[in-house]
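Engineer: Same order as they appear, the protein sequences are chains A and B. FYI, the numbering for the first sequence is 2 to 528, going by my numbering. FYI, the numbering for the second sequence is 2 to 528, going by my numbering.
Hint data in this document are derived by calculation from the structure and do not stem from the laboratory. A portion of the hints provided could be inaccurate.
Identical chains share a label here; the pair holds if one copy fits it or two copies do between them.
Said to hold, decoys possible - Quick list of in silico lysine to aspartate or glutamate cross-link-like pairs, EDC-like style, CA-CA up to 20 Å: (1) Lys346 <-> Glu46; (2) Lys50 <-> Asp415; (3) Lys522 <-> Glu120; (4) Lys355 <-> Glu429; (5) Lys348 <-> Glu362; (6) Lys522 <-> Glu125; (7) Lys508 <-> Glu429; (8) Lys436 <-> Glu54.
Keep in mind it's a predicted model, so treat the numbers as computed, not measured.
2 protein chains.
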Amino acid sequence: MSLHGKNFIGNVLSSNGNQSSKIYDINTNEPFEGEFIHATKEEVELALKKANEAFFIYKESSQLQRAEFLETIADEIMNLGDELVVRTIAESNLPRPRIEGERGRTVGQLRMFASLLKEGSWVEATIDEALPERKPLPRNDLRKMLRPIGVVSVFEASNFPLAFACAGGDTASALAAGCPVIVKAHSSHSGTSELIATAIIKAVKKSNMPDGTFSMVHGSGRTVGQQIVLNEIVKAVGFTGSTQGGMKLFELANQRKTPIPVFAEMGSINPCLILPSAVKNSDNMASLYASSITVGVGQFCTNPGLILTIKDENLEIFKEKLSKEINKIAPATMLSHGIQEAYEKGKKEALSQKGITLLGESNIKNTKAEGRPTIASVDAKTFMENPKLHEEIFGPYSLLVECEDLKELSLVIDCLEGQLTATVMGEETEMIKYKEVISSLENRCGRILFNGVPTGVEVCHSMQHGGPFPAATDSRFTSVGTGAIRRFVRPVCFQDCPNSLLPNELKDENPLKILRIVNEKYTRESL
Amino acid sequence: MSLHGKNFIGNVLSSNGNQSSKIYDINTNEPFEGEFIHATKEEVELALKKANEAFFIYKESSQLQRAEFLETIADEIMNLGDELVVRTIAESNLPRPRIEGERGRTVGQLRMFASLLKEGSWVEATIDEALPERKPLPRNDLRKMLRPIGVVSVFEASNFPLAFACAGGDTASALAAGCPVIVKAHSSHSGTSELIATAIIKAVKKSNMPDGTFSMVHGSGRTVGQQIVLNEIVKAVGFTGSTQGGMKLFELANQRKTPIPVFAEMGSINPCLILPSAVKNSDNMASLYASSITVGVGQFCTNPGLILTIKDENLEIFKEKLSKEINKIAPATMLSHGIQEAYEKGKKEALSQKGITLLGESNIKNTKAEGRPTIASVDAKTFMENPKLHEEIFGPYSLLVECEDLKELSLVIDCLEGQLTATVMGEETEMIKYKEVISSLENRCGRILFNGVPTGVEVCHSMQHGGPFPAATDSRFTSVGTGAIRRFVRPVCFQDCPNSLLPNELKDENPLKILRIVNEKYTRESL
């Protein structure tokens with residue numbers, strides 16, 4: 002299938018614009034197939050209008066209908082076959098196993114939401130029956146459930162061209178919730194996006210979902226992106242990317258006549274506290290962490306960018322071993338020239354700060370747009386005094402902070418910003434001693450891990466991917482796992498509503514047999 | 002007990018400031034007992050510091066401990082006896098049955114949260130056990146639950162001096178969640194607030210909660226309020242009041258280094274769609290609505306400020322009967338001079354708009370600071386063209402909009418802003434015909450009612466009090482009912498955490514016997 006480069010305005014392909022962009026091979030600087038036509042104002046406007054009209058139909062679809070729709074999207078993505086994998090590898094410079102894995106994750110995610118919808122209880126149906134005889138006042142019949150919030154705007158991430166992109170977690174959870182989606186394609190993998198959008202539109206048609214349930218447009222964030230977020234039709238925004246990009250959307254959303262939630266996952270430095278008992282076990286620790294720092298060329302928002310330690314006789318050995326491990330890992334091509342340049346610049350700036358010691362840097366030559374694994378160290382006082390050192394450097398870089406004692410460690414943790422993850426390495430008995438700093442770490446992150454590495458985010462019910470600001474704009478929600486659906490719904494209460502007019506989830510007979518809270522008791526029974 | 006007028010800086014009374022305010026009898030202009038000393042910068046700072054220190058202890062309290070604490074607050078409020086009721090009546094000009102009822106609601110609310118905590122399942126404990134053998138990658142043990150967000154700032158409302166004030170729904174839900182609270186007292190009922198704060202502090206001491214779990218300060222929103230909201234220690238804000246006040250807090254919160262959620266419930270005009278079959282039943286409808294428009298001198302955020310009708314042969318009769326009902330209801334004293342003046346001004350401005358007809362106005366003389374029941378009408382076109390007519394007029398006023406037909410009604414609903422409630426009156430068979438406009442109303446409100454009146458907000462599991470902007474700043478949360486606790490918690494995921502370090506809610510043995518989702522199944526079993 003050849004790439005047409007057009008915008009998906011609902012089910013209709015459209016290319017009225019006169020601006021376009023191509024994607025270039027990072028190694029040869031030759032353009033890949035496909036010229037992507039930026040959407041015009043009118044095209045974006047039409048996509049929004051269609052989405053709004055679709056909403057009033059789509060929101061009334063049953064959970065089962067939406068589940069089958071999501072499964073059809075997953076099937077259509079698999080039907081794209083190797084063409085998708087080849088294009089994604091080319092655009093992202095990520096290796097085949099990673100991309101095949103990411104495709105598996107993407108369709109797995111769609112099917113996970115389908116299974117959530119088939120079970121159905123996630124809507125939190127809650128019923129308090131009427132008490133007409135109650136004194137001094139009778140109680141009305143009150144029934145509440147989560148209902149879709151409206152049209153959702155999704156911005157593709159660059160580092161997960163499938164799983165956090167066109168049919169990624171934001172789109173899957175919004176569609177599952179009953180919200181139409183408008184995706185702004187990322188300029189670094191627009192071919193991948195086009196293939197995925199084609200699959201989604203096939204599914205829209207096969208599943209008889211209304212035209213406008215899904216749209217995807219090309220163009221820059223400043224024009225197309227801004228136009229979407231500022232439009233009153235849009236009720237929520239999903240974004241994964243840089244702090245700068247996320248905060249721009251957040252500000253735009255708050256300037257609107259009606260402010261809307263922006264769910265921006267903006268990354269973090271993911272502090273890893275390596276307690277003395279773990280430092281002692283230096284061989285294992287060094288290879289485990291060198292591997293986590295460099296996996297995927299460090300291009301994960303859960304990359305361990307900060308290692309917290311306490312000075313003791315074993316720390317020097319651990320530092321030496323960690324440097325050696327880092328030295329022997331080959332640099333690899335990054336996602337794009339832009340990302341590689343930002344990595345080099347950020348690293349150079351960090352290493353030039355007062356009090357920073359370069360511990361190790363890969364000594365293997367590789368490609369041009371490489372991310373060179375690097376580890377540095379700093380003492381706690383210098384770290385605390387210099388906020389520059391608290392910033393994320395997106396790539397295979399980590400900074401080891403040496404604290405004098407538990408007290409200083411506690412001060413270091415107190416000055417950390419919000420994080421996606423925090424990790425504690427050590428023996429269980431030792432952790433009791435560090436209970437307060439662990440509690441303080443927990444209070445600063447969305448996920449706290451024990452004796453593991455933060456890279457690798459499981460897609461499941463129990464995942465929390467998000468965290469206190471600036472890791473994410475809203476710590477109360479996750480962008481990974483079934484909980485992600487909560488971002489795009491709001492509770493609506495129906496008072497004394499005739500049974501025939503109630504959503505199935507709230508009807509007397511509980512036709513979906515979902516778990517509900519009825520008169521303060523959890524039950525699947527009918528009334 | 003005589004009123005000291007001091008600030009509650011945690012458990013310590015403090016009055017270092019040189020500014021103060023008194024509260025005046027609306028009828029005699031004589032001051033009531035008590036001079037309320039505004040908190041100084043240093044006092045506010047200390048309250049914040051204490052709250053932050055208390056948080057790390059309080060967040061680790063068990064649900065049962067917090068339940069008993071809330072029950073003790075309720076008991077201590079009842080122990081204040083009639084002194085509280087007398088003072089609240091004096092400060093609010095609300096009648097005794099209303100204030101006694103509101104006290105009942107306030108302690109009922111505290112006990113409701115206590116019972117929620119004793120049951121315990123609201124934390125949404127979710128467990129996905131490790132799958133060490135899974136291919137291609139093993140799964141870690143992942144456990145998630147809702148954890149307290151941090152220190153919460155509460156702004157008292159003027160119209161509910163007990164239920165939306167010092168120990169009202171915001172405070173009760175934040176304390177239930179595990180968050181320390183700092184209340185800014187409302188200047189119109191500071192004596193009531195002092196009595197309640199005294200009761201809370203007694204409960205803090207009796208329950209051995211840390212000093213700083215609760216503070217209350219006097220002072221203006223511009224100084225004391227702003228200082229609290231801008232302080233990085235505060236993690237969320239609860240507010241009920243005017244659009245202007247709520248939006249000021251919302252803007253401040255978004256200007257911070259770390260933006261925080263502001264839950265501002267800012268009222269609405271609560272459209273009531275009276276379908277032809279209900280209009281026909283004009284006697285009942287007229288008395289029901291006249292009563293809802295004027296109850297509590299119209300000082301409810303759920304007051305029916307907008308009545309939507311379709312022209313037919315019965316509408317003139319209904320209008321006439323509604324006017325007659327309104328004419329014979331006596332004006333009554335409003336909460337304060339300020340509120341009464343705003344009501345008069347707003348009403349005068351509304352009635353002077355082009356195309357507005359005054360249908361009826363109470364013809365009974367009463368006190369000076371009275372709210373005079375008033376009903377006006379307008380045709381749909383004029384209403385749609387003039388946004389001035391969509392604004393809330395806080396008091397016993399309502400505007401009846403006459404639409405030509407279903408199509409025009411639909412256009413009117415399309416141009417309405419977000420609402421706390423929407424109401425549909427009519428026969429069930431008729432509602433089927435109006436299904437689309439009802440769906441559109443539902444999409445614009447937090448609670449949709451059938452054949453009732455929006456005034457009267459039940460405190461229960463199924464209540465949703467909130468709605469799309471500008472009714473509230475965040476439609477995804479409620480400020481009334483058990484759901485209110487969700488505002489002050491965030492999910493935290495524990496990965497491979499040793500059982501001994503897990504919160505009780507997530508431990509293998511499920512000691513609290515709460516309902517959890519374990520490996521995708523709802524269960525109260527241990528692992």
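Engineer: It remains to establish, for every hint, whether it holds in the given structure.
Structural biologist: Quick rundown of the hints versus the structure:
1. Lys346 <-> Glu46: neither (39 Å within a copy, 40 Å between copies)
2. Lys50 <-> Asp415: So Lys50 and Asp415 pass the 20 Å test across copies only (14 Å; inside, 47 Å).
3. Lys522 <-> Glu120: Answer is both; intra-copy 19 Å and inter-copy 10 Å each pass.
4. Lys355 <-> Glu429: Intra 36 Å, inter 75 Å, cutoff 20 Å: neither.
5. Lys348 <-> Glu362: within (11 Å within a copy, 73 Å between copies)
6. Lys522 <-> Glu125: both (13 Å within a copy, 15 Å between copies)
7. Lys508 <-> Glu429: between (49 Å within a copy, 15 Å between copies)
8. Lys436 <-> Glu54: between (53 Å within a copy, 16 Å between copies)
Consistency with the previously given hints fails for numbers 1, 4, ordered from lowest to highest.
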